[in-house]
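Asker: These are the residues of each chain, in order.
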Amino acid sequence: MRIGVYVCHCGGNISDIVDVKAVAQEAEKQGDVVFAKDYSHMCSGNGQQMVIDDIKEHKLDKVLISACSPLFHGETFKAAVVKAGLNPYLVEMSNIREHCAWVHYDDKNKATEKAKNLTKIGIEKVRNNKPLETIETPIGKRVLVIGGGIAGIQAALDLGDAGYEVHLVEKNATIGGRMAQLSRTFPTNDCAACILGSKMAAIPKNKNIKLSNYSEIEKIEGTIGNFNVTIRKKPTYVHADACVSCGDCVAPCPVSLKDEMQWGVTKRKAIYLPIDFAVPNKYLIDGNKCLNIKAQKKTGEPSKVCRLCEKACHQGAIDFSMKAEKEEFIVDTIIVATGHDVFDATRKPEYGYGKYENVMIAPEVERVIVHKGEGTPTIDMGERIAFIQCVGSRDEQIGREYCSRVCCMYATKLSQLIKSMANVNGENKDIYVFYTDMRTFGKGYEEYYKTTQRMGVKFVRGKPAEVIEDSVTKKLTIKVEDTLNNIIIESEFDKVVLSVGMQLSEGGNEIAEILKLPKSEDGFLQEAHPKFRPVDTSKDGIFIAGTAQGPKDIPDSVAQASATAARAMRLMNQGKITEEPLKAFIETDLCDGCELCINSCPPNAITMQNGKAVINPVMCKGCGMCIASCHADAIDLNMYTNRQMLAEVEAALKDKKEDERIVLIFANDMCGYKLADSVGTAKKAYSDAIRIIKVPSTSRITPQLMLQAFSMGADGILLADCEIKSSDFAGSIETAINYVNKVKNILTEIDEDPERVMIFQFVTVMLPKFVALMNQMSDIAYKNKPISNKNKEIIHKNISKWLFEK
Amino acid sequence: MIKRVKIKSSNRDFLKKVETLSGEDITVCDRCGVCTGSCPLTIEMEISPSNIMKMVQLGQEDVMDYNSMWVCSTCNYCTARCPRGLDVSKVAEALRQIKLRQSFDKINIDKIPKEELRELPQIALIGAFRRLTS
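From first to last, the protein sequence lines are chains A and B. My numbering puts the first residue of the first sequence at 1265, with every later residue one more than the last. My numbering puts the first residue of the second sequence at 3, with every later residue one more than the last.
What the hints contain is simulated information worked out from the structure, not anything from laboratory work. Glycine included, C-beta positions come from ideal geometry on N, C-alpha and C.
Some chain B residues close to chain A (C-beta under 8 angstroms, calculated; not the full set):
(1) ASP32
(2) CYS34
(3) GLY35
(4) THR38
(5) SER40
(6) THR44
(7) SER50
(8) SER52
(9) ASN53
(10) PRO85
(11) ARG86
(12) GLY87
What follows is a list of derived Cβ distance ranges for each label pair:
(13) A/THR1737 <-> B/GLU46: 27 to 35 angstroms
(14) B/GLY129 <-> A/LYS1989: 45 to 53 angstroms
(15) B/GLU46 <-> A/LYS1989: 41 to 49 angstroms
(16) B/GLU46 <-> A/LYS1780: 54 to 62 angstroms
(17) B/GLU48 <-> A/GLU1710: 30 to 38 angstroms
(18) B/LYS18 <-> A/LYS2047: 28 to 36 angstroms
Not close to chain A: a few residues of chain B, all C-beta gaps over 12 angstroms, as computed:
(19) ARG14
(20) ILE100
(21) LEU102
Assemble the whole structure, with the sequences as input and the hints as a guide.
Answerer: Shown next, in the form of structure tokens:
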């Protein structure tokens, strides 16, 4: 092996503090180091050219640049060595600027000693580097959109128009989703059916979109570029190609049911058209309610019962023997747009929904308004109407802390619509909206709210405590504190409307389970990053749009849907997926097939094949969480191998003097390491006992490695990672916390200070906190004696017993 | 005339004290008013339960000048319905404790007729005076 070492002056940034020549001389003494040079600006064209020439001339096979942060110039030197024909993963950087010169400027000797040590750590790391290749997998242009509501429709149309092959799967008989059930939409009051209808109609017209309505997802296996999807099309008992939607079948049907698309406000038959603007516009038979199908299911034989619709159909479209059909296909990416259900208002019994006939939920009022507008009035709303806001939102009593974001606006809309219809008909309406906070934040929303106020709708600030029904008149009394007036109102109303909040739909829950998508605390599907990856999920190639991700209105759902289409296209248009080779792998010879690692992997990348564990590199995220689960040392992580980590720790501790203390900080690159760099840039001094080692995630640091470090003389270990909510790796920080607690317990058992090991979750602006913690760790190290040789021995001997024999 | 109040930094001491004694995060109260609407005894109260919460948030010690905290029977209707998960009756209890620790006697023992005093359980008097129990 031939290693070349370069120590950078950084134009004085480093060399003013650190004796770079001494660092180079020390580096040259290390095994396999052919030479160590110092140079004014390694990152300059000349500096890079020097490396390129040296690789060729001296046949270097490894390069270490002792300079600034690898986050700053790592890519620069990778590119340089590639020009010399070297694999890019054979160059490493030691950070003697941000982590040394800039933070130990008050003691040049100590800074130089530490720079020597950091360089040696780097040499050990690069010594154990292996050539690696970036991972490339092919990807096609096929996409599955789950859910045919407004979000799914928008995503499908965007992708279809762009020439991608879209398979849109909807579990109901028609697409349109929740929006199809609305009357008008705020803040413009345009009719939902009108603006949605044209979008719905565009779906079957688009030659790139295949629609599977009345179909459910049964199974999805595989990963990005190769998702194997199985769907099940439920029988409609009406041949779609024969049905001409004349509707002659409906009248003879003897079954009458509450129409769920109408929230039960009107009735339908067992053979029906879901809504008049349904797409596809075909009739179907409700298999659970049709007399013939029920009889058939009972006996298992074709039945003669009823069959009146069959006689009425001139097309012969009805087929009572229709069966469910399975279909399998492959897609490259998936968009989940499964939408929401509304809160079950019977869970707030004090408001009497389901108990008092005049208590309604807002979606029912949407349909009442539609039918009244069409000239076929259903329920009379009476003269005095009260809206109760935040039913199923912002309420810890039912475990819903979040705001559903649309209820303020839809209650405002409904009261406005009721008012204006009444004005046309010369009726009087007295409408009150009882709210906790009015949140009308969108474009044009505040103006809409004001228009409603001007129309005479009264907004009263107070959350009603209860609704009481007069058993004779059926009128409802609301008891509520008007908190702005300091009075208690007890008033009678004809109708009380509950503004129910949103929750993840049942279908959304099923899809989350099938795709193993994580959910956030509010129960909705979780995005990969709340700011910068708002429509990605933690699974590559799977995106979320609409209310499945969280409560939102139509403009936001549509925007998000288009965003998912763009994000999916971004992947598919490249033709291949390129990834860093930061992947865990199994040393098959060492694997004894115990299966303990299987459950340690959040993206489920590990499976068993022929009694041995196998890691799917496409699914592996490279967090390294699985490593600790293996008692046979059979799992390892590229770029951060066990041997490498141990060699780095050993190099950090090898030259430790008797009166010296060393605290190891394992910092994840996204938060901890970045923060340490910022501390350096801000030139905030801290103890020179600190050695910062970069890792992808602190869950890579096994309890075993921590104990090995202590047995080799480390005086303290700090794991520095992101906050749980901003971590790139699901579950990794929780796991690292467990590891730290394990080590703390062991230290306590052998009478060592458990405070020697700690984990902290940082956001990258916590500079003072990071400095304070590093100093605290160093203080603890200096306060305690170094770990005694006896205890080092005990740790060394017992590692596997403590960690694996339980 | 509308009452004028100065909010001083020292007002937070009173808030802290009530928070410590009650164990409740009083500052998260939104004053939605569900507690007041639910309270069966507001008819006897000078200020509403939600008003108590808001006054304590601002550290207004004169919240204890009103009778409301003595009217509260800790029936817990407010607590069962608070959307922020607050225990309002514990806040009333904390206020009673603070007042009683200032050697304030809610009950004048001389004004209770002798016969009635004989009938009263001792614990009722101990509870009322809180000399040792709070």
